[in-house]
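Asker: Sequence:
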Amino acid sequence: MAPKNIDGSAKKVALNKGAWTAEEDQKLSQYIEIHGAKRWKTIALEAGLNRCGKSCRLRWLNYLRPNIKRGNISDAEEDLILRLHKLLGNRWSLIAGRLPGRTDNEIKNYWNSHLRKKINQKEKVVASAAQEVNILTQETCTITHADVEGAKGSGTSAGNLDMNTFFDFTIDGSYGLEWVNKFLELDEDP
DNA sequence: AACGAAGTCAACCGCTAATTT
DNA sequence: GAAATTAGCGGTTGACTTCGT
1 MAPKNIDGSA KKVALNKGAW TAEEDQKLSQ YIEIHGAKRW KTIALEAGLN
51 RCGKSCRLRW LNYLRPNIKR GNISDAEEDL ILRLHKLLGN RWSLIAGRLP
101 GRTDNEIKNY WNSHLRKKIN QKEKVVASAA QEVNILTQET CTITHADVEG
151 AKGSGTSAGN LDMNTFFDFT IDGSYGLEWV NKFLELDEDP
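Numbering-wise (the working numbering), the first sequence opens with residue 1 and increments by one.
It should be emphasised that the hints constitute simulated quantities derived from the structure, not laboratory data. No experiment lies behind these values; they were computed from the predicted model shown. For every residue, glycine included, the Cβ atom is placed at its ideal position computed from N, Cα and C. Treat the hints with care, as some may be off.
Derived lysine-lysine pairs resembling DSS-like cross-links, with alpha carbons at most 25 Å apart [to be verified]:
| hint | residue 1 | residue 2 |
| --- | --- | --- |
| 1 | K108 | K17 |
| 2 | K108 | K86 |
| 3 | K117 | K54 |
| 4 | K54 | K41 |
| 5 | K54 | K27 |
| 6 | K38 | K54 |
| 7 | K69 | K54 |
| 8 | K86 | K41 |
| 9 | K118 | K69 |
| 10 | K86 | K38 |
| 11 | K69 | K122 |
| 12 | K38 | K17 |
| 13 | K27 | K69 |
| 14 | K108 | K122 |
| 15 | K117 | K69 |
| 16 | K27 | K41 |
| 17 | K27 | K17 |
| 18 | K122 | K86 |
| 19 | K86 | K54 |
| 20 | K108 | K118 |
| 21 | K38 | K27 |
What follows is a set of in silico ranges between Cβ atoms, one per label pair, in the way DEER data are often shown [stated by the list, open to error]:
| hint | residue 1 | residue 2 | range |
| --- | --- | --- | --- |
| 22 | Q26 | K54 | 15 to 25 Å |
| 23 | N105 | L82 | 15 to 25 Å |
| 24 | E132 | G36 | 57 to 67 Å |
| 25 | Q30 | P100 | 37 to 47 Å |
| 26 | A22 | G71 | 12 to 22 Å |
| 27 | N67 | G89 | 22 to 32 Å |
Could you put together the complete structure from these sequences and hints?
Answerer: Shown next, in the form of structure tokens:
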């Protein structure tokens, strides 16, 4: 690991940081077009960019490479991100891999700025709903205990909600599984 | 119009994994 | 097999923009 060049006393020239200029973009694009995107340190040097290889790689992957989509994440894409995040967690590069033209950085930003809020709001709603259900359940239990002798064998009323069944997702048929299977199939591809 | 708060997003940092020497 | 180098990932930062007062 090279030490950071803070005071400029070393012979090494301080590398550029911060936003990329159009000129830098052009240099990088042109170089990669000719030589390919390999060995980023060499690319940075030979393209005449006063940047570290890491910075060049990031710029290329997130903005300069072809077929990059920018902005306007569709509802379908958003839905996919939500599902993938549920499945994979913060594995942004994996999630991005399932969204053609999208980058891990973009998805990460989108998640942090848009979706996290949505999720939090949803969770609040779900939590309050669950609390309500909990109260109802307790009431149902009280009624059941009181009436259990008389009700035995007489069948169930429509209002008698079985919470174990309600929250048992294992018997929820193929919900989500089809998609997960497709996902896993894709993952097995080389 | 001016100001501060909140939101957005490009870029950097630190770390690990993979590859090369 | 060990050390050095490179690639890639996720978290975080900071500059800029938008919004509300």
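Asker: For each hint, tell me whether it holds in the structure or not.
Answerer: Going through the hints against the structure:
1. K108 with K17: Given that 25 Å is the threshold and the Cα spacing comes to 22 Å, the pair holds.
2. K108 with K86: holds, 14 Å
3. K117 with K54: violated, 31 Å
4. K54 with K41: Satisfied, since the Cα-Cα distance of roughly 8 Å is no more than 25 Å.
5. K54 with K27: Status holds; Cα separation ~16 Å.
6. K38 with K54: holds, 12 Å
7. K69 with K54: Holds, at about 22 Å.
8. K86 with K41: This hinted pair is violated, its Cα atoms lying about 36 Å apart.
9. K118 with K69: holds, 23 Å
10. K86 with K38: At roughly 33 Å apart (the allowed maximum being 25 Å), K38 and K86 break the hint.
11. K69 with K122: violated, 28 Å
12. K38 with K17: Answer holds: K38 to K17 is near 21 Å, not above 25 Å.
13. K27 with K69: Given that 25 Å is the threshold and the Cα spacing comes to 21 Å, the pair holds.
14. K108 with K122: Given pair K108, K122 holds - Cα atoms ~19 Å apart, limit 25 Å.
15. K117 with K69: holds, 23 Å
16. K27 with K41: This hinted pair holds, its Cα atoms lying about 14 Å apart.
17. K27 with K17: The given pair, whose Cα atoms are some 16 Å apart, holds under the 25 Å limit.
18. K122 with K86: holds, 14 Å
19. K86 with K54: violated, 30 Å
20. K108 with K118: With Cα atoms ~14 Å apart, K108 and K118 stay inside 25 Å; holds.
21. K38 with K27: It holds: about 15 Å lies between the C-alpha atoms, which stays within 25 Å.
22. Q26 with K54: 15 to 25 Å: With Cβ atoms ~20 Å apart, the hint holds.
23. N105 with L82: 15 to 25 Å: holds, 18 Å
24. E132 with G36: 57 to 67 Å: With Cβ atoms ~59 Å apart, the hint holds.
25. Q30 with P100: 37 to 47 Å: violated, 25 Å
26. A22 with G71: 12 to 22 Å: At 19 Å between Cβs, range holds.
27. N67 with G89: 22 to 32 Å: Holds, since N67 and G89 (Cβ atoms, about 26 Å apart) stay within the stated range.
Checked against the numbered hints listed earlier, the structure breaks hints 3, 8, 10, 11, 19 and 25; every other hint is satisfied.
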